[in-house]
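Asker: Sequence:
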Amino acid sequence: MSVEPSGPEGQTIPASIGGSDRLAVGFSCLGHFFVHFFEPTFFVVALVLPTVLGISYEAVLALVVVGKVLLGLAAPLAGWLGDRWGATRLMLIYFLGLGAAGIACGLGSTSWELGVALTALGLFGSIYHPVGIAWLVRTAHSQGKALGVNGIFGSLGPAVAGVVAGALTEWVSWRAAFLVPGSLAIVTGAVFWLSLRKGWVVNGKARTRAVVAVQKGDTVRAFMVLALGMLVGGLVYQSTQAALPKVFDDRLFGFLGGGTVGPGTAVMLVYGFSACFQLVAGHLADRFSLKWVYLLAWLVQGPLLAMAAWATGAPLVGVAMLMVTFNTSTLPAENMLLARYTPEKWRGTAYGLKFVLNFGMAALAVPVVGMVRAATGDLTALFVVLAALAGMVALAAFALPAMSGHKEGRSQMETAKAGRS
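Positions 1216 to 1636 (this note's numbering) are the ones given, in order, by the sequence shown.
Honestly, the hints are just simulated from the structure, not real lab data. For each residue, glycine too, the CB sits at the ideal point set by N, CA and C.
Label-pair ranges, simulated between beta-carbon atoms:
1. D1433 / W1300: 31 to 39 Å
2. A1274 / W1300: 37 to 45 Å
3. L1268 / W1300: 35 to 43 Å
4. S1388 / G1472: 15 to 23 Å
5. S1324 / A1617: 51 to 59 Å
6. S1398 / I1270: 21 to 29 Å
7. W1408 / A1614: 43 to 51 Å
8. W1386 / P1265: 14 to 22 Å
9. W1300 / G1528: 44 to 52 Å
10. V1435 / A1405: 40 to 48 Å
11. W1525 / E1273: 17 to 25 Å
12. V1495 / A1274: 38 to 46 Å
Model the full structure from these sequences, guided by the hints.
Answerer: Take a look at the structure:
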């Protein structure tokens, strides 16, 4: 039996108004889509910006570095504000700010203007993960399933961005690749604002959940392993996202078309395939040991990254599909583990700290991609190093305490029934 959610003033909301929770999940998913849409958009557009701006490819990549840093470093502040001001207020700022920054990117005429707009894009983008994910975890009936659906939208972001940005850049203008999604984000923000005004979406409070007793030693060990996984996971995700458009441009040999359309289509296939697996990953996190779901996803990544170092043509696209899929499939289990070991009132802050590691430190990935290519002429060495790091996390994951998402789910149901009887 479900537990009745509470409104912003603490009043009980009838179970029939479960639509508010569904809308919260929906807007959280749209937020995840947008934050991951803009990242690959830049890297696809970057293929033509050297000619437009009259600077090198490596210099173009440098324009996004400050925004990448803020995407992570500003996350704890966003999470802290979300815990105190309420998730819905921060999400409204997120949608409107991200959309305005995207439009500013499309209107930039110089490298300096584009760099400032990309910085704003990173700043507003930093709101989503600590606030939107914590909001989702707080209100969802089934955390693993909700995180899996949310992950689908996160993976659809770069999948759709790859082909849309490639097509708009090739057939309309590189500016349109930013102006169109920026406008859509603002429209989404306007609908979200209306939903808040009408009371269709409320901030909500956490559902009643069982308190799972954990030992202090288990907590410390789990946080150490998760910190390493977050750091390397962000590094792998950000590095491959920045590198893949150029790798596809160099190694597909016209397999999926020329210009920016071929690499953009390949990016769509890679992240679209990844999106299809997210619900499965969430289901596995709900049903089986979080430790083993997390560990096995890392264990498979190493060999796939190593294969991507030398693959070309169609095999490269296939390997990249699996590589990105297993990277993103760690997230439902990782987010559930983090929630398991964090008090609810500090959850937004905890997710903010996570994304300092996941995005802030991983902002190093962009200049590293540029430096590796400038030094070696390709990106083979990058994938070799990432493969070794993935293997290191897999070994560390053996130290995680063994806890089952399914067992916790049953415990939550029992607690809810006891509270209602």
